[in-house]
Structures are given as structure tokens and as C-alpha cells.
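Q: Make the full structure from the sequences, and use the hints.
Sequence order for the protein chains is A and B.
Numbering follows numbering that gives the first Met the number 0, with no gaps: position 132 of the first sequence is 131.
Numbering follows numbering that gives the first Met the number 0, with no gaps: position 312 of the second sequence is 311.
By construction, these hints were calculated from the structure, which means they are not laboratory data.
Now the stretches of chain A that chain B is said to cover, found in silico as 3 or more residues with beta-carbon under 8 Å:
{"#": "1", "region": "221-228"}
{"#": "2", "region": "231-237"}
{"#": "3", "region": "314-322"}
Virtual Cβ for every residue (Gly too), placed ideally from N, Cα, C.
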Amino acid sequence: MPLPSRPPAIPAMTRYFVKKAITLLILLFLVSITVFAVLFALPGDPAQIILGINATPETLANLRAQLGLDRSFSAQYFGWIGGLLTGHSSMSINYDMPVFDLILSRLAVTGPMALMAMVFAVVISLPLGIYAARRQNRTGDVTVMFFTQLGLATPEFWLGILLMLLFAVHWKLFSAGGFPGWSADFIGSFKALLLPAFALGVIRAAILTRLTRSSMLDVLREDYVRTARAKGLRERTVVYVHALRNALVPVLTILGLQLGQLLAGAIIIENVYYLPGLGRLVFQAIGQRDLPVVRDIVLFMAAAVVVVNFVVDFAYAALDPRIRVK
Amino acid sequence: MTQSLLEIKDLSVYFDVPEGVARAVDGVSFNVLPGETLALVGESGCGKSVTSMSILGLIPSPPGRIERGRIIYSGRNLLEEKEEHLRRIRGNEISMIFQEPMTSLNPVLSIGRQVAEPLMVHRGLSREDATAEALSWLERVRIPAAAKRLEDYPHQLSGGMRQRVMIAMALVCQPRLLIADEPTTALDVTIQAQVLTLMHSLKEELGMALMLITHDLGVVAQVARRVVVMYAGQVVEEAPVADIFDNPFHPYTQGLLRSMPRLGQNKGRLAEIPGTVPVLTETIAGCRFAPRCAHQFDRCRIEAPPLFEIADGRRARCWLKRYPDRRKAHV
Ligand SMILES: Nc1ncnc2c1ncn2[C@@H]1O[C@H](COP(=O)(O)OP(=O)(O)OP(=O)(O)O)[C@@H](O)[C@H]1O
Ligand SMILES: [Mg+2]
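A: Below, the structure written as C-alpha cells:
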């Protein structure tokens, strides 16, 4: 049977969208202030680090003025945010190029990797969770639960290294790290992201499988599932339409929140696999006190999480008509 | 005698619970005739729902299991049928309505879709045709502005409206038997009467049989032709409706009648049957009702009474059939 029928009621949906969009903007503003304030308060003078300890006070003062570090907190904040909003990027201290361009080029690695990881996570966790729920406390369920427990206890960098040793070093099916670039070698680039994305995705799948299972177990006990059976629907329809649509609501929420952890995981896994992604960039930028880069990437990542959760809220409302009216 | 539409024979359904084995249904037999309204009554927990859910194979397993018995429909034992055959009967030849209209409809699917589904799966109708037919059924159960309601979700409807939707959904394939498990218990009194009247008139129109589960004897008096009284997982009395009200045999049935609110009687304390239902996980030597029975004597506590034939079409599980003079006059 084909999945959900028609688009949800428009006016309720529009109201819901506007409300959520306003919340989103306020949230983004607060995030930007927090990011800025934290980095502002952080000890360590970028000018000093760039010029080294032998710099004269004059050159230091000059560089500070050039970087805008001598201005007040609010002046610096509004200068930064104004720049972001009008599309004027600050320059990276270390790379001598606009931070926007830097982020964009690195996003070409991290974006697809995060997406692939999410796909892995969903493709693994949904069927496994449903399978486990339908065989509650039987061998299949216990086995699945054992592996999710294992997954929860496994650090992703360790799994990343293990996969690399196995597939790249031992079986030589993949290259052990590095990234050829999409235009130079598309297939190679895809393959380079496969293992790290899998490592990230499998770890995410552990928690998502458990969540899908428990959500599905709750829903399978519901009266409307009994009604669906009593109507003579096929078991497929009962499970994948009547039960799953309800069970997905909580799973989706967590899926959105998982993105934050995924980006944190990316920082580590990109270092394991020598991938020139956002995570590696921010890691290096912190080491080099490349303040503009750190600031913009942290804001970007935070904004990505907030925006994805906004989208999730939306999907949530499309899935559950009751949310639209609340 | 007319050929039964459905025959339940010696049905036992047990549940494995932490305390042991709950014999929720223990040797229940009765039949449903074509086109009749049969009421199944008894206190909460006596096994009415479990009995009715066994018919469609809806007992959750685990913890439930059908211990023994047969359920004969169209010459076949439903308990031994393949899941696929049972599925073709559900919602098509035998439909069921549940107690809780608030939770029995799927919150994320539209009303129209939920009512149309049985038509698509059993009649093979296209979505458009099924929806058109669903609409005519929503009108038949008197849902105002039904066309606008097709796209609505359950949370947008009142309890009474939802139960009407449930009825429409159960009837779209024009079943031969409708099992209604306390269809009005969760509704306001005024709505209860409306829904009941609606169900009864549709039943007459379609000529289907109705198995009405309830603990409201007022409802029984209104619509039923025959009554089966259950107590602690067993049938204790079975009789035409007039006999149940005018001349109940079993002390439990008499107690039920006394606890029934009458017209004019205000909502004060009703004459309740003293004591509580036995724990289903414990084996009871004698009659299960004996501890609460005003007429009980030694034999009742030692040996469980069989289901005696009282008259043609009347049965009662009580030793008073054998020892009529033990019946106390004043209670
Ligand atoms: N899922 C279950 N798990 C364990 N025991 C159950 C389950 N369902 C029913 N039972 C047992 O079966 C007994 C009878 O339940 P049933 O729902 O048939 O009662 P009922 O007569 O329909 O009562 P009510 O009027 O409250 O609906 C219960 O007392 C309970 O012990
Ligand atoms: Mg019940």
C-alpha cells in the first residue's frame, strides 16, 4: 500500500512554520552571541600568537588594530555579525583567504560524509529496530540488543581505526585516509568517505536502533494497531504504515539531535582518516589560534544543528497531525 | 433450530503473568445465530474481551495462549485457520468495534483513509472508489458534513463521532457479524443512547448478527435477544433476554440485576454484589461464585457445578438446579 496520502492542512501548517521560524531566528541570534562571547573571553592574544614572542609592542598594536581586536565587545560582535549578514567574510589569519571560501571547500568533504553517515544510521537502525521489536525477548531481539550495546560502548575513532586496518590495510579495498577531491576523482572521493561515514553511522545506529525498538514496542501495544489488525489489513501494512508512522515521531526528534554529535564525531574521524573537512579545519584552526576561522565554523556547526532540528520539527508536524494544532 | 453463524466450543484462553497462569477464559461455550443480537455481560475482568478477541485471533501472544477449544465459523475452526485466511475474515465477514474510541483510531491517518482501508484490502477497490464508498458510510452513521470530515484526523472529532467512525469502518464491508466490545462505555450518557440506536438500526438494515459486550444491563434490555452471562472466565447463565430480566436463575445474574440502576432511582449507592471476583491465577475447587453467593451450601465449595440445562435454550452453572430447595427465599 502506498504511504501517506495527501499534504497536511495548509493554514495550520503555515502557522506552525511561522512560529517555528521565529523561534529559529531568536535561537540563531543567541547562538551567535554565545559563540562570540566564549571566544572573546578565551585567554590568548591572537596577535601575539601570530607574531611570536619577539614582536614589538608597536607591531602588536598595529596587527590588533588591523584585526579589529582593539575595538569594544559590541563593536566587534556587530562588525562580525554584520559582515556575515552582508556576505563579507572575515579573512583567515592562517590561510590568507576568506573564511567563507574555506568553509565551503571543506564542507564538500564533511557535508557528504555526514549525509552518508546519517543514511547508514537510518538504513541500519530502522529495519533492525522494527525487527527487534517484533521479536521482543526472542533470540533475534536479544542478538540485536547485544550489538547495539556494543555499539554504544565503542568510540567512533576506535571503530574508524579498526575499519581502516581491516578494509584498507589488510584487504586493501580502500585507501587508508586522504581525499583526492571530487573533481579529480569522484569515485575515489566517494570511497574515501565510505569508511569514516560508516564508522560514524554505525555508532549512531546503535542508539537509533534501541530507540526505534522501544518506540515500536510502545506503538505495537496501542489500541489502533489492534484496530488495524481487526480490519484485516496485511501485517506489512499494520507494521509499516499504521505502527511505523507513529513510532517514527520520537525517532525523528533524536535523529535531529544526533547531527550535533555527528559533527563532533566528524572532528575526530576526519583526523583519523586525514580528510580535509570542517572538523579537521576547526581542529587545526584552534591549534593555530585562527580566531575568525574557529568562530565562523563553530557558528556554522551550531547553526547547522539548529536548522536541521527546525527541519525535523517540520517533518514531525507532517508526520503527526496533532502537533500542528498545539 | 437455525444453523449457528458462530459456535464457540469449550474455549480456554490463558495468560502467562508474573503471578502464574491467569485463566482468563475457561471452558466457554456459546453460539451466535445469524442476524440476532447476543449480549455478553459480566463484571470487569470476567473475560468478555478476551473471548471476543479470540474469535478474530487478536489475543496478544505472548502472554496469551489459546489453551483449548474450537471456534466454528462457516464450518471451519478459526483457531486452526492460517493467519491469511483469518485476515480475510477480519473486517470483512466479522468486524469488531472496541471500547476506547479515543485510542482505537490511528492518530496520524485521516478518517477517510481509515474507513476506506477495509474496502481496499478486502474488496480490492481503488483509493478513489474506496473513499467515495467510505464517504457514503460516514453519512450513513450520520456524521455531519461528512465530506469535510474525510480529511480530518481523529483528534479533531469528539468521542461520539469517533465511535461513529469506528462503526462505519467496521461496517463498510457489510460483515455477517459485528462484535462490539463495550462500544458506548466511554461516551456521555446522551451520546451512548444515540450510538447504540444507530448501531442497532444499521444492524437491522444489514441483517447482520451483533455480539454486544457490555456490563450495562439497561443496554441489554434495549437491544439484545439473548444474553450470555460470564463470571470469572466462565459462562454462568445463558437465556433469552426476557427470562434474564423476569426470571434470572443464577444468583450472580440476580445480583447483577439488583445492581442495575433503575429509572427514577437516583445515582446513589447501588446494591452491589458483596465480595470481589476471584483471582484468576488461583485454582478454585468449587463454584467460582460461591464465596460471594448468598445461597451457597457445602457442595458449592467442594465441587464446581456444570452448566445445567434449565429449559430449552436456557443454561445455568449452579447447583440450585439440582437442589432447588436450597434457594433462600428472602435474598
Ligand atoms: N494482555 C494481557 N496480559 C495478561 N493478562 C490479561 C491480558 N488481557 C487480559 N488478561 C486477563 O484476562 C482477564 C479478562 O480480561 P478481559 O479484558 O477479557 O475482561 P473483560 O471482561 O473484557 O473486562 P472489562 O469489562 O473491564 O473490559 C483479565 O482479568 C486479565 O487477568
Ligand atoms: Mg473488556
